[in-house]
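Trainee: What follows is the residue order along each chain.
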Amino acid sequence: MENGFRGYHPFVQFFYYICVGTLAFYFKHPIFLATACLLVVFVNLTHDYGKALRQWIPGLLVMSVFIIVLNPFLVSRGTNILFYFRGKQVTLEATMYGIVMALSIAIILIMFISFNLILNGNRFLYIFSRILPRTAFLMMLSIRFVPLLRRRLSEINAVQRIRGVSVTEGSIRARAKAGMLTTQILLTWSLEEAIQTADSMKARGYGIGKKTAYIPFRMEKRDWSWLLALALLFLICLAGGFLGYGKIIIYPELGTLQFYLLDWVLYGCMIILYSFPLIVEGREQLKWISLK
Amino acid sequence: MDIFKIDDLSFRYPDAEEEALSHLAIQLKEGEFTVVCGPSGCGKSTLLRLLKKDLAPVGSCTGEISYAGKPIMDWDDRTMIEDIGFVFQDPENQIIMDDVMQEIVFGMENLGYSNMEMRKRVAELVHFFGMEELLHAKPSELSGGQKQLLNLLSVLLLKPKVLLLDEPTSQLDPVAAKDLIVMLDRLNKEMGITIILVEHRLEELFAIAEHVIMMDKGKVVYEGTSREVIYDIFQKNDQAFMQYVPSISQLYIQRTDTLEKSAIPLTVKECKQWLAAQPNHASTEANQAPIESTSNKEKPILSVQNVYFQYTKTTPFVLKNISLQVTKGEFFTIIGGNGSGKSTLLKACIGNLKPQRGRAYMGGKDTYKLKGKELYHKIAYLPQNPRTYFIQDTVEKEMQEVLKRQQLPDDTARMTEVLDIFGIQHIRNRHPYDCSGGEMQKAALACMLLGNPEILFIDEPTKGLDPMSKQNFAQILHQLHEAGLTIIMVTHDIEFAAKHAERCAMMFDGTITTEGTPDELLKGNYFYTTSINRATRASHVRESLTLEEALSEWPNPVHI
Numbered sequence: 001m002e003n004g005f006r007g008y009h010p011f012v013q014f015f016y017y018i019c020v021g022t023l024a025f026y027f028k029h030p031i032f033l034a035t036a037c038l039l040v041v042f043v044n045l046t047h048d049y050g051k052a053l054r055q056w057i058p059g060l061l062v063m064s065v066f067i068i069v070l071n072p073f074l075v076s077r078g079t080n081i082l083f084y085f086r087g088k089q090v091t092l093e094a095t096m097y098g099i100v101m102a103l104s105i106a107i108i109l110i111m112f113i114s115f116n117l118i119l120n121g122n123r124f125l126y127i128f129s130r131i132l133p134r135t136a137f138l139m140m141l142s143i144r145f146v147p148l149l150r151r152r153l154s155e156i157n158a159v160q161r162i163r164g165v166s167v168t169e170g171s172i173r174a175r176a177k178a179g180m181l182t183t184q185i186l187l188t189w190s191l192e193e194a195i196q197t198a199d200s201m202k203a204r205g206y207g208i209g210k211k212t213a214y215i216p217f218r219m220e221k222r223d224w225s226w227l228l229a230l231a232l233l234f235l236i237c238l239a240g241g242f243l244g245y246g247k248i249i250i251y252p253e254l255g256t257l258q259f260y261l262l263d264w265v266l267y268g269c270m271i272i273l274y275s276f277p278l279i280v281e282g283r284e285q286l287k288w289i290s291l292k
Numbered sequence: 001m002d003i004f005k006i007d008d009l010s011f012r013y014p015d016a017e018e019e020a021l022s023h024l025a026i027q028l029k030e031g032e033f034t035v036v037c038g039p040s041g042c043g044k045s046t047l048l049r050l051l052k053k054d055l056a057p058v059g060s061c062t063g064e065i066s067y068a069g070k071p072i073m074d075w076d077d078r079t080m081i082e083d084i085g086f087v088f089q090d091p092e093n094q095i096i097m098d099d100v101m102q103e104i105v106f107g108m109e110n111l112g113y114s115n116m117e118m119r120k121r122v123a124e125l126v127h128f129f130g131m132e133e134l135l136h137a138k139p140s141e142l143s144g145g146q147k148q149l150l151n152l153l154s155v156l157l158l159k160p161k162v163l164l165l166d167e168p169t170s171q172l173d174p175v176a177a178k179d180l181i182v183m184l185d186r187l188n189k190e191m192g193i194t195i196i197l198v199e200h201r202l203e204e205l206f207a208i209a210e211h212v213i214m215m216d217k218g219k220v221v222y223e224g225t226s227r228e229v230i231y232d233i234f235q236k237n238d239q240a241f242m243q244y245v246p247s248i249s250q251l252y253i254q255r256t257d258t259l260e261k262s263a264i265p266l267t268v269k270e271c272k273q274w275l276a277a278q279p280n281h282a283s284t285e286a287n288q289a290p291i292e293s294t295s296n297k298e299k300p301i302l303s304v305q306n307v308y309f310q311y312t313k314t315t316p317f318v319l320k321n322i323s324l325q326v327t328k329g330e331f332f333t334i335i336g337g338n339g340s341g342k343s344t345l346l347k348a349c350i351g352n353l354k355p356q357r358g359r360a361y362m363g364g365k366d367t368y369k370l371k372g373k374e375l376y377h378k379i380a381y382l383p384q385n386p387r388t389y390f391i392q393d394t395v396e397k398e399m400q401e402v403l404k405r406q407q408l409p410d411d412t413a414r415m416t417e418v419l420d421i422f423g424i425q426h427i428r429n430r431h432p433y434d435c436s437g438g439e440m441q442k443a444a445l446a447c448m449l450l451g452n453p454e455i456l457f458i459d460e461p462t463k464g465l466d467p468m469s470k471q472n473f474a475q476i477l478h479q480l481h482e483a484g485l486t487i488i489m490v491t492h493d494i495e496f497a498a499k500h501a502e503r504c505a506m507m508f509d510g511t512i513t514t515e516g517t518p519d520e521l522l523k524g525n526y527f528y529t530t531s532i533n534r535a536t537r538a539s540h541v542r543e544s545l546t547l548e549e550a551l552s553e554w555p556n557p558v559h560i
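From first to last, the protein sequence lines are chains L and E. Sequential numbering of the first sequence, starting at 1, is according to full-length UniProt numbering. Sequential numbering of the second sequence, starting at 1, is according to full-length UniProt numbering.
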């Protein structure tokens, strides 16, 4: 079994991502969001030292800057005018709104990078076979066909090259024709082979009655306790947000960034919620260190 | 008790002229290990499929099949699926899911087992199969043998009472095939599962089978225990079915003074015991015939020089520093297990791969750079699966296409001539996919030889062929070789290589470990050798590699 955050039940992980995603759009306070963004980046770092995130950083930066810059130029609502651009007012409120938007979207994207790393393959299927069982099964079948078709195609190309049918040489017309021929062989061959796959499914009772699902994952005590804790924190955040905490008034005039007591409580709850993977991983690291 | 009782069963495919099965009457006992064999198209697979209700082919069927005393049509679907398991020929095609764990529980999920039941069965059987390591692998990463074991495992999880297997080892190398057969033997002996196995490769199976059925043209020709069947075949001197008899039994039958049914050896051990009782001849002459110097000074037609190859940067090297030379007119064979890199080597030879280091040269030219005319005038390549070759919908059109592409005249006489050489005139107007494996192979070869190539590459030609087609194919190869064609063959079929090759190379772990004549290379091995060699090694008779050699070397019987 895998360690740390990866070792938890897919439901707990899935719920964590739901919480993260919801709160990213629920809170509208730049400090809240900036903290959240920082935390999801840390979460990503614990998965694979940020290898997957690194590929996305340029895109994320460009996108954020784009939103932050573009919003005030397109929207001219707000009271505090910073300057005029071609006769249009550029307001502090619109800039702030851009920052909040950019942070929310950045959090969601970084979250999905982590989602991709954690809930992959089997875990993803496990979650979605409950929601969309047929689609999940179809997906599994199609994924299976990718390596099969690729291998068959390379075999066909090897044989046909010797015959003089090749997609890498000759005129464009000849290449296109060769491509058509290889695809034709690939399809007829694969269809022929697929009959066997269908037989194999039939022989093992596919479609005979109601299907059950093998559950390779078990909800353990720690899964339940974390699920409960996450749910509780999530509820507090939602309730607090409902009362207007964790948000700032942007339009028509920017409110204060100052924290009230309940803001602090919400802030704390959000940090704990977002840091769930960090806490788990950190505890494990400490255990290893103390074991040495 | 009879688990299957087949009574006057006849079956005819729609639009077929002849019956695929005619008036069969067979009884199969519970807990028996039955082997069904016969040439391709004899109806053995049809019979096997008829035993499994869900896979029964479409056609007109008369007579009755009963399972445990009740006609199979009266049984409910669920019991039939659970009780009768089916393993198919191709290891790859039967795998449905993209995850080993998902794959093995697939059947149980379909039948709606509870989670606890599934966990229990998985835990038990995965351990029995020793497949814990593979649970989290992708099916595409497994070897052929592992895939077939996975298929067997996923069928066994439904706790079947009967296992039907349709040529399960035909795509496997000898080591993997042996593993599978040993596993089947264990299942039969330890769990009492009835096994009905359709198979061509019988050398080891005769020793395990309790009940052998030989079929031809939809009828049972021989039936009984292994020894009874072998005895009957010999009594009738039936050359067609003699092919199926293990070579060690053949040696005994042809050379023993007192033929006794119960003494027919089926295993190497039994054959050795019999040989030990024979008068001692081994040390009378020097064993080694002088090996004619094969150091040919001729310029090689194919020369591979220090080739290294890996598929991607991070995966290990599949080929490591391989060099080999093949002279004109040679019959060169590369043997080795699945995954030893021999097919990759073949692809590097014909220039389908670009090696990381080193090159393959043919007549002084890098094969990777060969194009168009140079390529198809020089090389013919018969792949493992001849299906990949055909573009047209009849064999004749295919041949016309080849002639057109090679800018040769549309020569009907030449086509007829080539078809005659291969003896496949009858499939001239058939769709290649409708031919049997052996016919398809010959048809592909016929098309390739239209342009008179200089060198023929063959990849695993004996996979899935019955003994008759195999011999037939070997004869054709001999003819071509006699006519001066250079042949390079890759195979894991040791008996085939031993019989036909001039020079062999053994591949292991990406390199050619040794090279020599079949005699030098194969004699004395434990596994990569023939059963005749295993039996005659260190015995009272001269060590031989093939049955023919053993028979000719046999000392003249001394009559007293």
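FYI, nobody ran anything at the bench for these hints, they're computed from the structure. Predicted model, so just to flag it, every value in this text is computed and none were measured. Be careful, since some hints might not be right.
[Stated by the list, open to error] Which chain L residues face chain E? A few, computed with CB under 8 Å, are given here:
hint, residue
1, M140
2, A174
3, K177
4, G179
5, L181
6, T183
7, I185
8, L187
[Said to hold, decoys possible] Computed footprint of chain L on chain E, listed as stretches where at least three residues anywhere in the stretch have a Cβ under 8 Å from a Cβ of chain L:
hint, stretch
9, 72-81
10, 214-228
11, 373-387
All C-beta atoms in this analysis are idealised placements derived from N, C-alpha and C, irrespective of residue type, glycine included.
Trainee: L187 (chain L) was flagged as interface toward chain E. Is the shortest Cβ-Cβ separation under 8 Å?
Mentor: 12 Å, violated
Trainee: Minimum Cβ distance from G179 (chain L) to chain E below 8 Å?
Mentor: 13 Å, violated
Trainee: Tell me if chain L covers the stretch 214-228 of chain E under the three-residue, 8 Å CB rule, please?
Mentor: violated (count 0)
Trainee: Report holds or violated for the interface hint on T183 (chain L), using the least CB-CB distance to chain E and a cut-off of 8 Å.
Mentor: 11 Å, violated
Trainee: With a cut-off of 8 Å, does the beta carbon of I185 (chain L) approach a beta carbon of chain E closely enough for the hint to hold?
Mentor: This hint holds: I185 (chain L) lies near chain E, its Cβ roughly 6 Å from the closest one there, short of 8 Å.
Trainee: Hold the hint about L181 (chain L) up to the distance rule: shortest CB distance to chain E must be less than 8 Å.
Mentor: Since the shortest Cβ distance to chain E is 5 Å, the answer is holds.
Trainee: Are at least 3 residues of the stretch 373-387 of chain E within less than 8 Å of chain L when you compare beta carbons?
Mentor: holds (count 10)
Trainee: Tell me whether the statement that chain L covers the stretch 72-81 of chain E is true, taking a Cβ distance below 8 Å and needing three residues at minimum.
Mentor: holds (count 3)
Trainee: Let's test the interface hint: is any C-beta of chain E closer than 8 Å to that of A174 (chain L)?
Mentor: 10 Å, violated
Trainee: Interface hint check: M140 (chain L), Cβ to nearest Cβ on chain E, cutoff 8 Å. Holds or violated?
Mentor: 5 Å, holds
Trainee: Tell me if K177 (chain L) is really an interface residue toward chain E, meaning its C-beta lies closer than 8 Å to one of theirs.
Mentor: 11 Å, violated
Violated hints, listed in ascending order, are 2, 3, 4, 6, 8, 10; each of the other numbered hints is respected by the structure.
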